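Novice: Each chain is listed here by its residues.
There are 2 protein chains.
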Amino acid sequence: MAKVKKTPRPRAETPKGFRDYFGTDVAERSAMLATIAEVYHRYGFDALETSAVETVEALGKFLPDVDRPNEGVFAWELDDSGWVALRYDLTAPLARVYAQHRNDLPTPYRRYAMGPVWRNEKPGPGRFRQFYQCDADTVGAPSVAADAEICAMLSDTLEAVGIDRGDYVVRVNNRKVLNGVMEVAGLAGDEKEAERGIVLRAIDKLDRLGPDGVRALLGEGRKDDSGDFTEGAGLAREQADVVMGFMEAGRDTGAETVAALRALVAGSAVGTAGVDELETIAALLDAQGYGPDRIVIDPSVVRGLGYYTGPVFEAELTFEILDEKGRPRQFGSVAGGGRYDDLVKRFTGQEVPATGVSIGVDRLLAALRMKGRVAGASHGPVIVTVMDRDRMADYQAMVGELRQAGIRAEVYLGNPKNFGNQLKYADKRGSPVAVIQGGDEADRDVVQLKDLILGAKLAETASLEEWKDRPSQVEVPRGDLVAQVREMLARHGADG
Amino acid sequence: MAKVKKTPRPRAETPKGFRDYFGTDVAERSAMLATIAEVYHRYGFDALETSAVETVEALGKFLPDVDRPNEGVFAWELDDSGWVALRYDLTAPLARVYAQHRNDLPTPYRRYAMGPVWRNEKPGPGRFRQFYQCDADTVGAPSVAADAEICAMLSDTLEAVGIDRGDYVVRVNNRKVLNGVMEVAGLAGDEKEAERGIVLRAIDKLDRLGPDGVRALLGEGRKDDSGDFTEGAGLAREQADVVMGFMEAGRDTGAETVAALRALVAGSAVGTAGVDELETIAALLDAQGYGPDRIVIDPSVVRGLGYYTGPVFEAELTFEILDEKGRPRQFGSVAGGGRYDDLVKRFTGQEVPATGVSIGVDRLLAALRMKGRVAGASHGPVIVTVMDRDRMADYQAMVGELRQAGIRAEVYLGNPKNFGNQLKYADKRGSPVAVIQGGDEADRDVVQLKDLILGAKLAETASLEEWKDRPSQVEVPRGDLVAQVREMLARHGADG
Chain V
1 MAKVKKTPRP
11 RAETPKGFRD
21 YFGTDVAERS
31 AMLATIAEVY
41 HRYGFDALET
51 SAVETVEALG
61 KFLPDVDRPN
71 EGVFAWELDD
81 SGWVALRYDL
91 TAPLARVYAQ
101 HRNDLPTPYR
111 RYAMGPVWRN
121 EKPGPGRFRQ
131 FYQCDADTVG
141 APSVAADAEI
151 CAMLSDTLEA
161 VGIDRGDYVV
171 RVNNRKVLNG
181 VMEVAGLAGD
191 EKEAERGIVL
201 RAIDKLDRLG
211 PDGVRALLGE
221 GRKDDSGDFT
231 EGAGLAREQA
241 DVVMGFMEAG
251 RDTGAETVAA
261 LRALVAGSAV
271 GTAGVDELET
281 IAALLDAQGY
291 GPDRIVIDPS
301 VVRGLGYYTG
311 PVFEAELTFE
321 ILDEKGRPRQ
331 FGSVAGGGRY
341 DDLVKRFTGQ
351 EVPATGVSIG
361 VDRLLAALRM
371 KGRVAGASHG
381 PVIVTVMDRD
391 RMADYQAMVG
401 ELRQAGIRAE
411 VYLGNPKNFG
421 NQLKYADKRG
431 SPVAVIQGGD
441 EADRDVVQLK
451 DLILGAKLAE
461 TASLEEWKDR
471 PSQVEVPRGD
481 LVAQVREMLA
491 RHGADG
Chain E
1 MAKVKKTPRP
11 RAETPKGFRD
21 YFGTDVAERS
31 AMLATIAEVY
41 HRYGFDALET
51 SAVETVEALG
61 KFLPDVDRPN
71 EGVFAWELDD
81 SGWVALRYDL
91 TAPLARVYAQ
101 HRNDLPTPYR
111 RYAMGPVWRN
121 EKPGPGRFRQ
131 FYQCDADTVG
141 APSVAADAEI
151 CAMLSDTLEA
161 VGIDRGDYVV
171 RVNNRKVLNG
181 VMEVAGLAGD
191 EKEAERGIVL
201 RAIDKLDRLG
211 PDGVRALLGE
221 GRKDDSGDFT
231 EGAGLAREQA
241 DVVMGFMEAG
251 RDTGAETVAA
261 LRALVAGSAV
271 GTAGVDELET
281 IAALLDAQGY
291 GPDRIVIDPS
301 VVRGLGYYTG
311 PVFEAELTFE
321 ILDEKGRPRQ
331 FGSVAGGGRY
341 DDLVKRFTGQ
351 EVPATGVSIG
361 VDRLLAALRM
371 KGRVAGASHG
381 PVIVTVMDRD
391 RMADYQAMVG
401 ELRQAGIRAE
411 VYLGNPKNFG
421 NQLKYADKRG
431 SPVAVIQGGD
441 EADRDVVQLK
451 DLILGAKLAE
461 TASLEEWKDR
471 PSQVEVPRGD
481 LVAQVREMLA
491 RHGADG
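So the sequences go chain by chain: V and E.
So the first sequence is numbered by full-length UniProt numbering: it starts at 1 and just counts up by one.
So the second sequence is numbered by full-length UniProt numbering: it starts at 1 and just counts up by one.
Because the hints were derived from the structure by calculation, they are not lab data.
Watch out, some of these pointers could steer you wrong.
Same chains, same names: a pair is fine if it fits in one copy or spans any two.
Claimed, not checked - Here are the simulated lysine-lysine pairs, DSS-like style, with alpha carbons at most 27 Å apart:
| id | residue 1 | residue 2 |
| --- | --- | --- |
| 1 | Lys205 | Lys223 |
| 2 | Lys345 | Lys325 |
| 3 | Lys345 | Lys223 |
| 4 | Lys345 | Lys16 |
| 5 | Lys457 | Lys192 |
| 6 | Lys371 | Lys428 |
| 7 | Lys345 | Lys417 |
| 8 | Lys345 | Lys424 |
| 9 | Lys345 | Lys428 |
| 10 | Lys122 | Lys205 |
| 11 | Lys122 | Lys325 |
| 12 | Lys205 | Lys325 |
| 13 | Lys428 | Lys417 |
| 14 | Lys424 | Lys457 |
| 15 | Lys192 | Lys205 |
The structure displayed is predicted, hence computed values, not measured ones.
For reference, chain V alone in the conformation it holds in the complex:
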């Protein structure tokens, strides 16, 4: 007999590199972002939520020179709008919005944005194609007071979400100082562009290669562990000394660091301007009480120096965690930013200065979890069990009273036949208390309250005496339901 060919069932899977977030994960992130938004708002920043979809033209980097552009972004063609793509960050949409609405927006325009962005990259462990970003930028303020403000706000934000003072530091550096260093090292001018590129890339590898590795790249070049050779910038020893001196100019106090940098770039106008900016930032922060326990001038901040045009900043968490091999290491960077000058020039031809910061949402949330400082987490609901399906209205009344009192509660809505399944459900839900009322209890106008948290603890550790002393199930008058449940929750530090 021939088999009937069936249509295969669709696979229940996300596309590769995408994932779902459940319950507590969603609530914890929401709570963290709400706290961040509160700080940003207090600083005068306004929310902006742009559309997820932009024209490829407005996004800029990914113009379609082939039939279907999909390098880095998810793009498709629309009959009425041409090629469009999902935003890959929150800065490109800000540029488009500012160019589009610049006559209606205040100048300076302080805005924050939070939401998913999408990258068409090869997914890997921990690398997803959709993830959250959380940015704050000030557009149209040329003064470094705007940069200082962002640093102060970043510090306040970290403390507001639950990172203690002393567990983080905001480091500030300046691209102009590096440009001055390049001048002093004899690397100015168009004809030195290639060397400058190599120097920038070498500096950017300080974290990974250490000073010796960087020095090799500044000089003749470097052979890595695999035997591959990276060509160096070919600097003379004294030239390389200047560049290395820049990265190692950090001193105990901001004033000393500034003095060291000033000496290093003596004779370079741009370098001196950069040092002046760092000095101004330090003074402005000092006037508001942000001392070096929170924000420091630190020439070893190199990330982003290639991209930004003035001050750059980075927030690092300084407490130790264990890496995958069990070795202690610092948690590291959770936010970074800086000043960039060509935000809307592509659209309008005008140069508009901007400075901003982006918080790594997933990394900061991971840090808060390690520190036990996540908000938004919560216990499961109180479960009102169903002993008698004809009395569902009674159980609904109980659950209604609990909810009215602000207590998270549910009636069991599955098949009530097997009571064990109801308790298994309560367990799966992380329920702190089960409410039980059979016919006998109903006749006597009482309910049984089963303390599931205590019950689980007792089951693990208790002696027989303790079981007797601290019964995990109590009978209370029906009228005391809400008060007694509330007391049980309070005992476990769960307030509804």
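Chain E: place on chain V using the hints.
Specialist: Only chain E this time, still in chain V's reference frame:
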């Protein structure tokens, strides 16, 4: 001389049908959704945030039978995942998630979801291609207690966000009753499918066409104003009477309505089952105190009857607004839902019952705005003006103190040369207070506080005497800055 051809600048525009949300709009929606999430959470619902991108296979409706499917959804092809698309609602992803994770999720699974969805439709006035949905569903609970719970939760939600009792009503109907009506009217059986389709569509047009229009469609057909003729179901008068009787079975009390419906479907097993369900829902709600001032059994609810399989519900706002022609009309529907049974069958072959509700985020927000009940709105920041750019640190210190005290505040970061521009900026920002300190005030250790709200009012209406009596600018000691600003804000009901 030949002109140099320039690369045209990109247009700073969203793609057609997409838009941005600014400041207060974002904050108001966030606040409303946070309140809704709080109610859902109290009812035991867990948050779920699925990826924005799904495989076209999992979404189901839009399988690619052409090279590039773009009917209704935004879709594109990935090398490693095949055709994918942006989600067009929050129910299809729930089906995929439940099928994928059913062994790890509790049963029943109560979940809520909030977020943007995307539709590839022709945009029009007020019709966007990206908009918010806000859903709550209970999966795996066959009992109508789950439906009753959703109705109660919907009622609580509306009151929590700011719709007063009496300004809304949740109406409940049941598809099974309609099926019973079809049986009684002699429209059961496969051979009557075409007629049933016409009847369903006719019922669905009750709002628009009124009873006479529906009756015409149940009978011979109907010619509309343009002269176009829509063919009718060809029912005999007594058959049409039964269908019309269903829609008009609403009585003053739930019990009377149930009795009327019971009489109407007498002899139909499915119809009687539907009436029983309505009766059970009413009893369950009654036991929790949700009387007909909040939730009513109403056979005139026809929206969604074609789609759902059991109870259907709809929340309507009953207060009047003026339509575009200035005529009063009811605000109308802001949420709807019901029971549907084939949520995950496509994936697993198993039938899993589900019931849920979807709130129209934009409509509910519009209603709250009309009622003046939006939360999250806020005044602009206090502006500390810059009279002397060398004393920026002093101004930053002021703004720092204000922020520490929880007061939204900014220092002016634009070019401070023209003081008028600073006040224009404050105006554009909706700032309630400007802080001013020139060299003279600094010497005397005082600041000027300009009450911009009072100033605007006085400018509009005040006589000369009032101007003198209620100066909108006061000088206060520098040390009293925070206290005095707080008092000014309190006077205007703005608390930071």
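Novice: If a hint holds in the structure, say so; if it does not, say that too.
Specialist: For each hint, the structure was consulted:
1. In this homomeric assembly, Lys205 and Lys223 come within 27 Å of each other (Cα to Cα) only inside a single copy, at 14 Å, whereas the closest approach across copies is 76 Å.
2. Taking the shortest Cα distances, Lys345 and Lys325 never come within 27 Å of each other, neither inside one copy (47 Å) nor across copies (45 Å).
3. Taking the shortest Cα distances, Lys345 and Lys223 never come within 27 Å of each other, neither inside one copy (41 Å) nor across copies (58 Å).
4. Only between protomers do Lys345 and Lys16 lie at most 27 Å apart by alpha-carbon distance; the minimum there is 23 Å, versus 36 Å within a single protomer.
5. For the identical chains of this complex, Lys457 and Lys192 are neighbours neither inside a copy (70 Å) nor across copies (62 Å), given an alpha-carbon limit of 27 Å.
6. Proximity of Lys371 and Lys428 under a CA criterion of 27 Å is satisfied intra-copy only: 25 Å inside one chain copy versus 42 Å between copies.
7. When the C-alpha separation of Lys345 and Lys417 is checked against a cutoff of 27 Å, the pair qualifies only between copies, where the shortest distance is 24 Å, while the shortest distance within a copy is 69 Å.
8. Only between protomers do Lys345 and Lys424 lie at most 27 Å apart by alpha-carbon distance; the minimum there is 25 Å, versus 61 Å within a single protomer.
9. In this assembly of identical chains, Lys345 and Lys428 lie within 27 Å of each other by CA distance solely across copies; the values are 24 Å between and 55 Å within a copy.
10. In the homo-oligomer, the alpha carbons of Lys122 and Lys205 lie at most 27 Å apart inside one protomer (23 Å), although the nearest pairing across protomers, at 49 Å, exceeds that limit.
11. For a Cα distance limit of 27 Å, the shortest separation of Lys122 from Lys325 inside one copy, 25 Å, qualifies, whereas the shortest one across copies, 55 Å, does not.
12. Taking the shortest Cα distances, Lys205 and Lys325 sit within 27 Å of each other inside one copy (22 Å), while across copies they are farther apart (67 Å).
13. In this homomeric assembly, Lys428 and Lys417 come within 27 Å of each other (Cα to Cα) only inside a single copy, at 18 Å, whereas the closest approach across copies is 64 Å.
14. Taking identical chains as interchangeable, the C-alpha atoms of Lys424 and Lys457 lie at most 27 Å apart only when both belong to the same chain, with a minimum of 16 Å there against 64 Å between chains.
15. Taking the shortest Cα distances, Lys192 and Lys205 sit within 27 Å of each other inside one copy (20 Å), while across copies they are farther apart (75 Å).
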